[in-house]
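J.: Given only the sequences and the hints, what does the whole structure look like? Please build it.
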Amino acid sequence: MSARVLVGVKRVIDYAVKIRVKPDHTGVVTDGVKHSMNPFCEIAVEEAVKLKEKKLVKEVVAVSCGPQQVQETIRTALAMGADRGIHVEVSGKDYETLGPLQVSKILAALAKKEQADLIILGKQAIDDDCNQTGQMTAALLDWPQGTFASEVNIEADKLKVVREVDGGLETIKIKLPAVVTADLRLNTPRYATLPNIMKAKKKKIANVKPADLGVDVSSRLEVLKVDEPPQRQGGVKVETVNDLVRKLKEAGRI
Amino acid sequence: AFPPLQSFSEEESMMRDAVKKFAQERIAPFVSKMDEDSVMDADVISALFEQGLMGIEIGAEYGGTGSSFFSSILVIEELAKVDPSVSVLCDIQNTLINTLLMNLGTEEQKQLYLPRLVGSFCLSESESGSDAFSLKTKAEKHKDYYSINGSKMWISNAEHAGVFLVMANAEPAAGYRGITCFIVDRDTDGLHIGRKENKLGLRASSTCPLTFDSMKVHEKNILGKVGHGYKYAIGMLNGGRIGIAAQMLGLAQGCFDHTVPYTRQRMQFGKRIFDFQGMQHQIAHVATQLEAARLLTYNAARLKEAGRSFIKEACMAKYFSAEVAALTASKCIEWMGGVGFTKDYPIEKYYRDCKIGTIYEGTTNIHFTRVPVEALQKHKSFRECVSAHAQSGRQVAPLTHAAMNKEII
Numbered sequence: 001m002s003a004r005v006l007v008g009v010k011r012v013i014d015y016a017v018k019i020r021v022k023p024d025h026t027g028v029v030t031d032g033v034k035h036s037m038n039p040f041c042e043i044a045v046e047e048a049v050k051l052k053e054k055k056l057v058k059e060v061v062a063v064s065c066g067p068q069q070v071q072e073t074i075r076t077a078l079a080m081g082a083d084r085g086i087h088v089e090v091s092g093k094d095y096e097t098l099g100p101l102q103v104s105k106i107l108a109a110l111a112k113k114e115q116a117d118l119i120i121l122g123k124q125a126i127d128d129d130c131n132q133t134g135q136m137t138a139a140l141l142d143w144p145q146g147t148f149a150s151e152v153n154i155e156a157d158k159l160k161v162v163r164e165v166d167g168g169l170e171t172i173k174i175k176l177p178a179v180v181t182a183d184l185r186l187n188t189p190r191y192a193t194l195p196n197i198m199k200a201k202k203k204k205i206a207n208v209k210p211a212d213l214g215v216d217v218s219s220r221l222e223v224l225k226v227d228e229p230p231q232r233q234g235g236v237k238v239e240t241v242n243d244l245v246r247k248l249k250e251a252g253r254i
Numbered sequence: 001a002f003p004p005l006q007s008f009s010e011e012e013s014m015m016r017d018a019v020k021k022f023a024q025e026r027i028a029p030f031v032s033k034m035d036e037d038s039v040m041d042a043d044v045i046s047a048l049f050e051q052g053l054m055g056i057e058i059g060a061e062y063g064g065t066g067s068s069f070f071s072s073i074l075v076i077e078e079l080a081k082v083d084p085s086v087s088v089l090c091d092i093q094n095t096l097i098n099t100l101l102m103n104l105g106t107e108e109q110k111q112l113y114l115p116r117l118v119g120s121f122c123l124s125e126s127e128s129g130s131d132a133f134s135l136k137t138k139a140e141k142h143k144d145y146y147s148i149n150g151s152k153m154w155i156s157n158a159e160h161a162g163v164f165l166v167m168a169n170a171e172p173a174a175g176y177r178g179i180t181c182f183i184v185d186r187d188t189d190g191l192h193i194g195r196k197e198n199k200l201g202l203r204a205s206s207t208c209p210l211t212f213d214s215m216k217v218h219e220k221n222i223l224g225k226v227g228h229g230y231k232y233a234i235g236m237l238n239g240g241r242i243g244i245a246a247q248m249l250g251l252a253q254g255c256f257d258h259t260v261p262y263t264r265q266r267m268q269f270g271k272r273i274f275d276f277q278g279m280q281h282q283i284a285h286v287a288t289q290l291e292a293a294r295l296l297t298y299n300a301a302r303l304k305e306a307g308r309s310f311i312k313e314a315c316m317a318k319y320f321s322a323e324v325a326a327l328t329a330s331k332c333i334e335w336m337g338g339v340g341f342t343k344d345y346p347i348e349k350y351y352r353d354c355k356i357g358t359i360y361e362g363t364t365n366i367h368f369t370r371v372p373v374e375a376l377q378k379h380k381s382f383r384e385c386v387s388a389h390a391q392s393g394r395q396v397a398p399l400t401h402a403a404m405n406k407e408i409i
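In the order they appear, the protein sequences are chains A and B.
According to UniProt numbering, the first sequence is numbered sequentially starting from 1.
According to UniProt numbering, the second sequence is numbered sequentially starting from 1.
Quick caveat, the hints were computed from the structure, so don't treat them as lab data.
Glycine is no exception: its CB is placed at the ideal position from the N, C-alpha and C atoms.
Check before you lean on any hint, since a few could be wrong.
[Said to hold, decoys possible] Derived PhoX-like pairs: lysine-lysine, alpha-carbon spacing no greater than 20 Å straight-line: (1) A/K18 to B/K199; (2) B/K20 to A/K34; (3) B/K21 to A/K34; (4) B/K21 to A/K18.
[Stated by the list, open to error] From the derived model, a few chain A residues whose C-beta atoms are all more than 12 Å from chain B: (5) D14; (6) L78; (7) P189; (8) L248.
T.: Here's what the structure looks like:
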């Protein structure tokens, strides 16, 4: 199969870090804070590499949008088995306001340029929880989409995707080329072994600007304020069921 | 401008992060049980091989990772944060076994032994620890093989080792200049692995006595040259010291990282114990010692990589890191209070594990001797002094002799 897979990987604040809001409430503190690859993007990379190992696809290309530092994230994807990387350079104010709409425009342009047959993304990023990029990319390309995938199988020129939905599991069949977004149970990402980290050094990362792809990254959204979630208040203990019902009514909950 | 001491290449950072994640997910769950049962989990060992951690400096052509000495140091440190026993297994494999085989092995030996088998380095005996070169194990030459008789003590990794590098004397009349390094397969006739020691700490790391009963070893299993074993041992142990420094550093840091969050939660007298000035002073002191140990260790490693003289710095790093590990573990138990004293928390294990740091791969007292010897090696007056001493018929320790004659690599 000569299929080429594009995998988007996002550099986010590491999941284990305690997030702090900046004193001016314009965002969260990112300076000097540990960053890593978005966990759902790791799952996306793992799925793409697995498809390559099964010889169902020929090449896996890892893409990330951002400043110089995102190259580390691309290298991690290379160490997991991606063949080459593309770094779309976005920095400064543009990077601060970069969101799903701009990224999906970039991915759509790259998919055409690289003649990709399949795009695999994480279902959402753990910093903004948008859950939009995969869906928007598919719409821009007019490709079918299999989102919240917990299982993906290639059957001839179609993709069988098992989706995790509120009511349970939904199985759909979509034609390639398509966009898939990875959910938690799709797979368990491999560790980058030390020999693979060394091999990744030799793999190429190409640099590209959004303008080269004809994409305007200016944002139509303005963040007004960022606040911490309200502090958890202590609970109240009640003695009887009647008390409970009364208290819930008082609080306007029922 | 020169980069700070704690600067890493992208490859080194990636390796460190990969090992950190691996250790947290694949080793941490087993640590407590391995310590209690005094057994290293076989799955953990195969995972170390799979991840490429047992052949860090070995070239890809032998199935290794093809990275650098400093990467090994970072790996050893990261592993020790989670389990110093697993760390020492990895350290011995990389800094002792692989180094010897890579530097001295014939092509055939390298192909046979790298890096598929866990290795053990066999030097110490019941009557020779610090005085290593007075070892009594003998190798008698017959035609094309040697018959080895004797015993070894305190051999790490022995339970799992597939290959043993045994230091035996092939020419006792020549004193330490007869010591030869033999590569011995586990299934060799005459090799007996004794019952493992029931230890205070590093319990998951097997430590066994060995007996050689007319053990036949073919001469093609000699590593390097006959009678040069003592040289190889000294040279390789110089790098090994930095590995142990990294292990002690990781132990101290891991223990510290488990403890400080507790002090920021535990409330007494209406505030967190971390908020008491007395506690902050103690924590700051330990954190500073940790930083100093880290810089000593990293710098010694960088010096070695740069091909510059590093022995004095390696000795300093090793003894200092072991001391810092002991200080940190002891303080951490105090800061945790009662829970620090129970096995339900990981702190007491670090306390038991750290003590070996001042003992193995060169006791602290030996290092105290080595540092001045190394520092003064360049001073003519010292050399003249030792020469005069020897000429007057007095005993000069072999180590000092070797240092003097610049036979140390």
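J.: It remains to establish, for every hint, whether it holds in the given structure.
T.: Results for each hint:
Between A/K18 and B/K199 the CA atoms are separated by roughly 39 Å; this puts the pair beyond 20 Å, and the hint is violated. Simply put, B/K20 and A/K34 have alpha-carbon atoms about 13 Å apart, close enough for the 20 Å limit, and the pair holds. Taking the CA atoms of B/K21 and A/K34, the gap is near 14 Å; set against the 20 Å cutoff, the hint holds. Taken as a hint, the B/K21 and A/K18 pair is honoured in the structure, with Cα atoms around 18 Å apart against an allowance of 20 Å.
Non-interface status of A/D14 relative to chain B is broken: a Cβ of that chain comes within 12 Å, the nearest being about 10 Å off. Its closest Cβ contact with chain B, about 10 Å, brings A/L78 to no more than 12 Å, contrary to its assignment away from the interface. Not every C-beta of chain B lies more than 12 Å from that of A/P189, the closest at about 10 Å, which undercuts listing it as non-interface. Once the 12 Å rule is applied to beta carbons, A/L248 is consistent with being away from chain B; the minimum gap is 32 Å.
The structure shown violates the earlier hints numbered 1, 5, 6, 7.
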